[in-house]
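Residue numbers (this note's numbering), protein chains in the order written: chain A, 11 to 201; chain B, 11 to 201.
Among the hints, a few may not be true.
In this list, chains with the same sequence are indistinguishable; a pair is considered to hold if it fits within one copy or across any two.
To be verified - Using 27 Å as the maximum straight-line C-alpha spacing, the simulated DSS-like pairs for lysine-lysine come out as follows: (1) Lys80 with Lys199; (2) Lys199 with Lys139; (3) Lys139 with Lys17; (4) Lys139 with Lys190; (5) Lys199 with Lys74; (6) Lys160 with Lys105; (7) Lys105 with Lys190.
If you are wondering where the hints come from, they were derived from the structure by calculation, not from laboratory data.
Next come the chains, spelled out residue by residue.
Protein chains: 2
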Amino acid sequence: MIADLIKANRSCRRFDEGHPIHLDTLMALVDLARLSASAANLQPLKYILSCDAEINAQIFNCLKWAGYLKAWVGPAIGERPSGYIVVLNDTRISKTMDCDHGIASQSILLGAREMGLAGCMLAAVNRPKLSAALEIPDHLKILLVLAIGKPIEQIVIDPVGANGDIRYWRDDHQVHHVPKRALEEIVVKHY
Amino acid sequence: MIADLIKANRSCRRFDEGHPIHLDTLMALVDLARLSASAANLQPLKYILSCDAEINAQIFNCLKWAGYLKAWVGPAIGERPSGYIVVLNDTRISKTMDCDHGIASQSILLGAREMGLAGCMLAAVNRPKLSAALEIPDHLKILLVLAIGKPIEQIVIDPVGANGDIRYWRDDHQVHHVPKRALEEIVVKHY
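Okay, chain A solo, but in the shape it has when bound (with noise of 0.2 Å):
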């Protein structure tokens, strides 16, 4: 059921780094992209790929994990990705973009969780940084990073409050929740 598979891909930020992720992993994942949905067909989305320690630790330096967790700068070592999709806008084939990235990533998203691992769509990325480091042609924009890896993390979805607070939260168990809308706030209208 997709709804199963929908409700277990929680965003993942620690893993056991100590599992590896080889590149046909990430290969087949970037597959479920390229076969999903894109605007008028232009299929501008480019794709890096990383299973390789060096380059996942230039890439892990470019970004910025958990906005609403201050205290934490992110997974330690161990515990951090072991790949990454960067995931590109090829500005050759379309100066913009609309949502094509966000389609790709849940289909990379929902394809890594069936294989029991688990992800995260980072946007907090230090993208000149990247671009230099990965030698990212001009051309290229980089839109996200997903990083992937085999999670050890506890996610629970909980109700948003009365307070409305949206904000994710770790307990003291370090089992990490996160406040979803329900169905009647977010249907405005229905005929």
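Here the structure of chain A is known, so what remains is to put chain B in place on it, guided by the hints.
Structure of chain B alone, referenced to chain A:
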């Protein structure tokens, strides 16, 4: 397998309009979007649902279908969608929108596909006209309209040819062909 579902989930533009879609189906689909990732977990997306013939007709009149099929004005009566999900950004929650609507729409259409339905994400929308028709308040900005119905269209994926043309087309048997770029073209670098 999510790969099979993603492959089967083609943008569909001709439906069996006699096949009704019920409100609880559209609600279940929005619930999949609700449980999907959202940038900074802000969840600014709101939804208007229709499975009402009169409202469907009003929404239909605000849409432009299949830009590459110049001779085709969109699905004929009897082949139009039985339901719509209008995806909105609540600008009181977030002024800007990265790709939440792509993530959400992919979840919705994968869910629809699993139910034997199909859909299409339409961005070519006459937004002022639709806002007026559905009396959408100013703070809700229309992002996409998702058309949903029982598919009657055959759609195949082709490799992009040597000329690089990515425009979809219909053959003499009304089969809809969608050229997709090869994996080797879209993965620009790997480590």
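Right, here's what the structure says about each hint:
1. Within a single copy, lysine 80 and lysine 199 get their C-alpha atoms no closer than 37 Å, and across copies no closer than 34 Å, so neither meets the 27 Å cut-off.
2. In this assembly of identical chains, lysine 199 and lysine 139 lie within 27 Å of each other by CA distance solely across copies; the values are 17 Å between and 44 Å within a copy.
3. With identical chains, the CA atoms of lysine 139 and lysine 17 are never at most 27 Å apart, being 34 Å at best within one copy and 35 Å at best between copies.
4. Taking the shortest Cα distances, lysine 139 and lysine 190 never come within 27 Å of each other, neither inside one copy (33 Å) nor across copies (31 Å).
5. In this assembly of identical chains, lysine 199 and lysine 74 lie within 27 Å of each other by CA distance solely across copies; the values are 23 Å between and 37 Å within a copy.
6. Proximity of lysine 160 and lysine 105 under a CA criterion of 27 Å is satisfied in neither setting, with 35 Å inside one chain copy and 34 Å between copies.
7. Only between protomers do lysine 105 and lysine 190 lie at most 27 Å apart by alpha-carbon distance; the minimum there is 19 Å, versus 33 Å within a single protomer.
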